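Chains as they are written, first to last, in this note's numbering: chain A, -10 to 167; chain F, 612 to 958.
Think of the hints as simulated: they come from the structure by calculation, not from any bench.
A hint or two may mislead.
To be verified - Not everything, but these chain F residues come out facing chain A in the computed CB check (under 8 Å): (1) T644; (2) F645; (3) I653; (4) P658; (5) W921.
On a predicted model such as this, the values are computed, not experimentally measured, just so you know.
Glycine residues also receive a C-beta, built at the ideal position from the N, C-alpha and C atoms.
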Amino acid sequence: MQALTNKAQAVNRKPMTLLERLYLINIIKGMLITFSHMFKKQPTIRYPEQKREFSPVFRGLHVLNRDEEGRERCTACGLCAVACPAEAITMEAAERVEGEEQLYREEKYAAKYEINMLRCIFCGLCEDACPKDAIYLSETFAPANYTRKGFIYGKSDLLIPNPLTEASAFAEAKGVEA
Amino acid sequence: MTILALDWGFIIEKLIMIAIIVFASLGIALYTTFGERKVAAILQDRPGPSRAGPFGLLQPLADGLKLIMKEEIIPNAANKWLFILGPGLAMTASLMSCAVIPWGSAVDVFGRHVELQIADVNIGILYVFAVVSMGVYGIMIGGWASNNKFSLMSALRAASQAISYELAMGLALIALLMTTGTLSLKTIVEQQVQGHWWNVVYQPLGFLIFFITAMAECNRTPFDLPEAENELNFGYHQEYSSMKLGFYLFAEYINMIMSSAIMACMYFGGYDLPFFNEASVAPNIAALIGVGTLLIKIVLFIFLFMWIRWTIPRFRYDQLMGLGWKTLIPLALFNMLLTGAVILAKL
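Extracted from the complex, chain A is given alone in its bound form:
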């Protein structure tokens, strides 16, 4: 039979010589290799103190955005929910009433906005679909939780801090993405 490549090598079944049967030379070679590893740089990242930098295109937990005056941008149009391939987003819309102008940017807002982080595949299509620049994916990931319910993130978990009243928290949540 013709060989497909010329890479094949016949197995060497020669009995070992006395020196090889003593294993010593090869063991010393191996020991020198392991010894050289003592002086190599450890790639370890000591996690809680040190954290690995995410790539700039990392897509993590969702954030519901506010505008410069601290008003929620979301108008509960539902485009993100439609765009979501995992059907992770649900929302309920409500109409803004008199006196809530500083809370919501437009006449309609999301009274309830939930993302199931167990369903979410962090594809970022909601971010693309949003016409109001109200949702984007941040650079953190969903932490572990004890219950499945804990992974359904409501508005209180998703909404970015108010830039007027909690400026530092806002800047932190905004992160590099800004």
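Using the hints, position chain F against chain A.
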């Protein structure tokens, strides 16, 4: 008035020394486990245990506490007494071998001349051999009493391995004893202190064989077939939990320390610090320097054990037997004949 015609000071002195040596061995063994993990980690480009205490130094204490707090389980089908006897025997045997190791020359405390050795028996090496051979009973009994087929396999392996390698070890040692002419470890060390060279210069092949067989006797990788994790599920200590398991693991480390000490004494001059004139300092200080020297030699040997463990994989069973019977024993015999011929030629 004397209560008995006994030198009570002598007994107290020996009791204190026994206590010191036993607890020191336990402490060193505790930190050898830590050293093992650190060495393994560094050789594999990892940081190793670093969470408990500064540099992870409290890790062995945490491990020990964990082992003690675990539930003691004795399997229903196990032979209860032998099951308990196994780890006890392993531990006793490994601790007993430290009785004849000369840890240093001698110190003068409170007007007493204290030899830094528990017992200078004139058959020291034979005693060590007897005790080390008993150590395998710990494994055999534990493996057999567990009533588990993996444990039984492992016990069989341990026994056959011990028999094969003790033979080569003994033969390697005979060559050394032919040059020293004594079985007492103290005398062997003193000869090296007084003489120009350490015994390893006269017996390089003998040392190599002794080192390999010592590794096999300690059940260290590459000879850890009795506890082969991936084929025997930890072998003889599979059914063990809590401190009984801890005893087995501890016994392995104490064995390692003791075999390092014996190798240091027999081949590497024991407490002899080379290029250092002991007479130039006070005798007590010289003795302490000697103890430190021996400890450093032991640590170096332990590092060598670990270095080998984390470099090479385990032998296959037939390779193990082949190495023992077909390579080491003929080599040891050859070494013995060679030594004998040289001694004859010198006469």
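Cross-check of the supplied hints:
1. T644: Given a least distance of 19 Å, the restraint on T644 of chain F is violated.
2. F645: violated (17 Å)
3. I653: For I653 of chain F, the interface hint holds, since the closest Cβ of chain A sits about 5 Å away, which is under 8 Å.
4. P658: Since chain A brings a Cβ to about 5 Å from P658 of chain F, closer than 8 Å, the hint holds.
5. W921: holds (6 Å)
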